[in-house]
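Asks: Position 32, counted from 1, in the sequence shown is what this note's numbering calls 59; the numbers after and before it change by one each time, with no gaps.
Worth double-checking, as some hints may not be accurate.
[What the hints assert, rightly or not] In silico BS3-like pairs for lysine-lysine, Cα to Cα no more than 30 Å straight-line: (1) LYS74 to LYS87; (2) LYS106 to LYS58; (3) LYS99 to LYS87; (4) LYS74 to LYS34; (5) LYS106 to LYS56; (6) LYS93 to LYS74; (7) LYS58 to LYS34; (8) LYS94 to LYS36; (9) LYS36 to LYS106; (10) LYS87 to LYS41; (11) LYS90 to LYS106.
[What the hints assert, rightly or not] Here are the in silico distance ranges between beta carbons for each label pair: (12) SER103 to ASN123: 32 to 38 Å; (13) HIS69 to LYS94: 26 to 32 Å; (14) LEU42 to ASN85: 16 to 22 Å; (15) GLN91 to LYS34: 20 to 26 Å; (16) GLU86 to ASN40: 35 to 41 Å; (17) LYS90 to ASN40: 30 to 36 Å.
Hint data in this document are derived by calculation from the structure and do not stem from the laboratory.
No residue lacks a Cβ here, since even glycine has one placed at the ideal position from N, Cα and C.
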Amino acid sequence: MILRVVKMKVENNKLEAFELFMNNLHDEKLKLPGCLHFDFFHERQNKNVYYTYTIWENEKYLKQYKKSDLFKEVVSTLKSLCLEEPQAWTIENVFNQVSHEE
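Please put together the full structure from these sequences, using the hints given.
Replies: Right, here's the structure in full:
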């Protein structure tokens, strides 16, 4: 499994529009092949800093999403709502990896 974390800092006067967009995106992303999970968070102290946490079945499905029209729409919309370019990390769960050492 592949985990993807994206951090976004949203303009204060665009928070409502951003949350509405992300709510709609949630439903669309979960329909995508290979998208197993999608969560949406904001920081407790900085209410305009948000994170998405998605779980993909494998790298192939994440790459397909990044080539999709939906991804292009997301990037375009985020540019209009965020103060700066979102930061993204693709990570793996260390505890769920199979050890190849004997």
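Asks: Confirm or reject each hint.
Replies: Each hint, compared with the structure:
1. LYS74 to LYS87: violated, 33 Å
2. LYS106 to LYS58: This hinted pair holds, its Cα atoms lying about 24 Å apart.
3. LYS99 to LYS87: holds, 18 Å
4. LYS74 to LYS34: holds, 12 Å
5. LYS106 to LYS56: The hint holds at about 19 Å.
6. LYS93 to LYS74: holds, 27 Å
7. LYS58 to LYS34: Holds - the C-alpha atoms of LYS34 and LYS58 are around 22 Å apart, at most 30 Å.
8. LYS94 to LYS36: holds, 24 Å
9. LYS36 to LYS106: Holds: LYS36 and LYS106 sit about 11 Å apart, inside 30 Å.
10. LYS87 to LYS41: Since the Cα atoms of LYS87 and LYS41 sit roughly 33 Å apart, the hinted pair is violated (cutoff 30 Å).
11. LYS90 to LYS106: Between LYS90 and LYS106 the Cα gap is close to 21 Å, so the pair holds against 30 Å.
12. SER103 to ASN123: 32 to 38 Å: With Cβ atoms ~34 Å apart, the hint holds.
13. HIS69 to LYS94: 26 to 32 Å: holds, 28 Å
14. LEU42 to ASN85: 16 to 22 Å: Between LEU42 and ASN85, where Cβ atoms are some 34 Å apart, the hint is violated.
15. GLN91 to LYS34: 20 to 26 Å: holds, 23 Å
16. GLU86 to ASN40: 35 to 41 Å: holds, 37 Å
17. LYS90 to ASN40: 30 to 36 Å: holds, 35 Å
When held up to the earlier numbered hints, the structure conflicts with 1, 10, 14 and fits the remainder.
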